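If you're matching them up, the sequences are chains A and B in order. Throughout, our numbering is defined as the position within the first sequence, counted from one, plus 6. Throughout, our numbering is defined as the position within the second sequence, counted from one, plus 1308.
Simulated restraints on C-beta separations:
#1 A:Glu288 to B:Glu1357: 31 to 37 Å
#2 A:Asp243 to B:Ser1385: 30 to 36 Å
#3 A:Arg15 to B:Gly1476: 22 to 28 Å
Residues from chain A shown here face chain B by an in silico Cβ test under 10 Å; the list is partial:
#4 Phe17
#5 Tyr38
#6 Lys83
#7 Gly86
#8 Pro105
#9 Gly233
#10 Met238
#11 Ile242
#12 Ser260
#13 Pro630
Hint data in this document are derived by calculation from the structure and do not stem from the laboratory. Since the model is a prediction, treat every value here as computed from it, not as a measurement. From the three backbone atoms N, C-alpha and C, an ideal C-beta is built for every residue, glycine too.
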Amino acid sequence: MNLSKTNRRDFIKISGLGIGGLAVSASNYAIYKSMIASPPQGAELSVDTDRTPTYCEICFWKCAGWVYKNQEGKIWKIVGNAEDQHSNGRFCPRGTGGPGMYYDEDRLRTPLIRTEERGKQAFREASWDEAFDYIAEKMKAIAEQHGPECMALLTHGSGGHYWGTLLQAFGSDNIAAPSYAQCRGPREVAYYMTFGEGVGSPERTDIRDTKCLVLIGSHLGENMHNGQVQEMSDAIDKGATIITVDPRYSIAASKSKYWLPIKPATDLALLLAWIHVLIYEEWYDKDYVEKYTFGFDQLKAHVKNMTPEWAYGITTLAPDLIRKSVKEMASAAPSVIVHPGRHVTWYGDDTQRSRAMAILNGLLGSWGRRGGFYVPETMPVPEWPHPPFPTPRRTWRDAYPGKYNLAYETIASGICDATIPDVNRGCNFKGWIVNGTNLIKTIPDSAKTLEAIQNLELLVVIDTMPMAITGWADVVLPECTYLERYDSIRNAPHRKPAIALRMPAAEPMYNTKPGYWMAKQLAIKLGLEDYFSWNSFEEMLDWQLKQVDTSLEEMQRIGVKTYDRSYDDLYFEKDQDMEFYTDTGKIELYSTGLAAEGFDPMPFYTQHEEPPQGFYRLSYGRAPMHTFSRTANNALLKDLMEENAAWINPKVAGEWGIKNGQYIWLENQDGVRSSFPIKARVTERTRWDTVYMVHGFGHTNKKLSRAYGKGASDSELITKVLVDPIMGGTGMRGNFVTFKFEPKEEEAAS
Amino acid sequence: MRYAMAVDTKKCVGCSDCVVACQTENGVPIGYCRDWVVEVTDGTYPQLEIEIRSERCNHCDNSPCVRCCPTGASHYSDGGIVLVTHNKCIGCGACITSCPYDARYPHPEGYVDKCTFCIHRVKKGLEPACVAACPTKCMYFGDLDDPKSPVSEILKVRKHKTLIPEAGTDPQLYFLI
Chain A
7 MNLSKTNRRD FIKISGLGIG GLAVSASNYA IYKSMIASPP QGAELSVDTD
57 RTPTYCEICF WKCAGWVYKN QEGKIWKIVG NAEDQHSNGR FCPRGTGGPG
107 MYYDEDRLRT PLIRTEERGK QAFREASWDE AFDYIAEKMK AIAEQHGPEC
157 MALLTHGSGG HYWGTLLQAF GSDNIAAPSY AQCRGPREVA YYMTFGEGVG
207 SPERTDIRDT KCLVLIGSHL GENMHNGQVQ EMSDAIDKGA TIITVDPRYS
257 IAASKSKYWL PIKPATDLAL LLAWIHVLIY EEWYDKDYVE KYTFGFDQLK
307 AHVKNMTPEW AYGITTLAPD LIRKSVKEMA SAAPSVIVHP GRHVTWYGDD
357 TQRSRAMAIL NGLLGSWGRR GGFYVPETMP VPEWPHPPFP TPRRTWRDAY
407 PGKYNLAYET IASGICDATI PDVNRGCNFK GWIVNGTNLI KTIPDSAKTL
457 EAIQNLELLV VIDTMPMAIT GWADVVLPEC TYLERYDSIR NAPHRKPAIA
507 LRMPAAEPMY NTKPGYWMAK QLAIKLGLED YFSWNSFEEM LDWQLKQVDT
557 SLEEMQRIGV KTYDRSYDDL YFEKDQDMEF YTDTGKIELY STGLAAEGFD
607 PMPFYTQHEE PPQGFYRLSY GRAPMHTFSR TANNALLKDL MEENAAWINP
657 KVAGEWGIKN GQYIWLENQD GVRSSFPIKA RVTERTRWDT VYMVHGFGHT
707 NKKLSRAYGK GASDSELITK VLVDPIMGGT GMRGNFVTFK FEPKEEEAAS
Chain B
1309 MRYAMAVDTK KCVGCSDCVV ACQTENGVPI GYCRDWVVEV TDGTYPQLEI
1359 EIRSERCNHC DNSPCVRCCP TGASHYSDGG IVLVTHNKCI GCGACITSCP
1409 YDARYPHPEG YVDKCTFCIH RVKKGLEPAC VAACPTKCMY FGDLDDPKSP
1459 VSEILKVRKH KTLIPEAGTD PQLYFLI
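Start from the sequences, fold in the hints, and give me the full structure.
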């Protein structure tokens, strides 16, 4: 590309503080020095000396690696396990920065019981016994007065497994992960409806061998899903084409042959136009479509008028670009991936948008093909035997009669809504156990989440850090970090079935404990100890591992065990007879499942609300060095990025007189202003109708000494939630912001 | 023997794993770094391009930092790697000023510190920590005198550049473009 000299040049140091670094005072230096181990001196550690296996807990990718210690026995560094398919021996910055979580001096140190009203941050220290007595008493009272099913578990991460066992033993099935209705849920439903199977995690995308990778708003590389980013790099090496659809010039866009700078909220029009071109130019995989799919004729009729010219008026993308880009996909087929994305809760029609992407994969014949989507396999690891769980009389579904029948998992936001008392609901929640998820930032519309919390009779929070949610808890249970504990065996789907072990590299610091220990102790208090009948966790792990041809002793040495596949079926063979797990046994281009529930069997484009005059669509995403809101206080990662910025197009910044680097406040369409100022990043990388920011900043808990007040929180500004009628996902991209130059009045007064 | 590194700006995503990997491997104090990542965006929307570079000491063949060091603490080591002997360094900072790449920083313990190409690992046949950690495998390291080394092989087939060549320092950190 020839760029004239009049063009802008935008130079930033993404990371690295350069000369002088921080203004590190002597006292700061003493603290910081305790947070990083000296490398081994003199006699160097050999490669396999004093290392223990783990799998990472800083994000959901759960890469397996090795924790190394120095001669004093301090945790020194973490590197990937070369045998691991998730990491291939290479961790991402967050995983490499894991010691920063362990050394964080702001960690929760001992159990806490609230002493004043919720949210006032007034707690007293308690013994574990006291804390469990308190919780058990409240849980029993809730069970007696309302029924045990009025307890819910909201969880993210590995430790949640045993809290799930506890809750089910107690008599409740209400176990929700915000990663469903706030993230990947619509995609899972769409793929079930189309292929009869979900995409899963890690995603079954065969990026390594693809010839064409299509990203719809997915900014791989900025969302640091390790294995996928590695495979994208491998694909670039092999000459694969990348096509990126994003209003923002993402890092992935900068590596793309085609970047489609789409008008936000119009993706479905583009996807339908692509389907139109594939069908009417006859570029689709005819054999595959004929043999494996259902509803082609209906689809053909459905998209008849959805031409690139039609889409141009909606998306602002030139028809020629729409045609050329889909031709590229067809030429690469079946080694092409229209990537399903991960965080897909955008506009409330997200299941339908994901369906359009699934349909494209069906037409291109990429499902079950090399370079498309592989067939993953998981190692079945049996559970430690326990008595059958009681059958709950009600579940969260009774709170939503006739709705969200296609949601295969529990909706976290649904639990939240059904906690606000409403006599019309069949089920109202009275107690929450919240494990490892900062619901204040995870579920949009923080004010509503707080209203729900104020109606609870019991809120227990298990975390390692004093996140905002801990301030609202009745009881805070401090968990030790993943580097200080055993955990359940990782057995995620992949090309080959494999398991990974996490074991403690160090004793738990402070008065912290592993989640499995807490769940068992509470179970004893509740008379549910039969569900946790192992004497020690090691005994249980060893029993489990012996069922899959290994042992705790072997896994402590190797960390990861990879098994052969049970069949040689990573891909379908050409012309192989296949039956898919849909109603018709075919890949459903026309969804009989959606039709049966009264939804459109094929996706339509619907227009979404536009920003009012002087407002811009609020868009948000990830940075590779942080996970959600949970890593902002990690000293190693905070050094890489300590606050987020509001990305503003220079034309817009010029109209408002906003300078690069200036601190401003964002205010949304409902008059909600950010609690903290955010730095303006004036950049050509974003459209004039959009303001972009990285999620996870603007922490309000002062106990997070490094993260408090740094940057702004997108969650706070997302007060309008566009609910997906199909599965209850919470669309978060229908909010608009404008710029303010002073704080909220109450902030200014304080 | 001449150690050198090449960084593929086309594969790098700017994740900064190289920075953290260096920090933990070498115990670089929090708040400082021996390597860092730069992102340069050119153009106007939507005609844009981005170059991302993981930068560090260039281990120059003609190093101003070595020349200006009054105590001989900054010196050339095996394979042209530029090192600082900590107990000889008086922390005067002349080298920091002389370096066109801003690659050196004053360590809080009184000496000047910078990238060593992880010579302690290289001596054991391992790659520097940043190279070994990089999720995109965008970094290549090795001996330029060995035509079969990863860095020699990649420089043979890829267009590349160095930074601020006009400074005449003969840098040994190459960027594939």
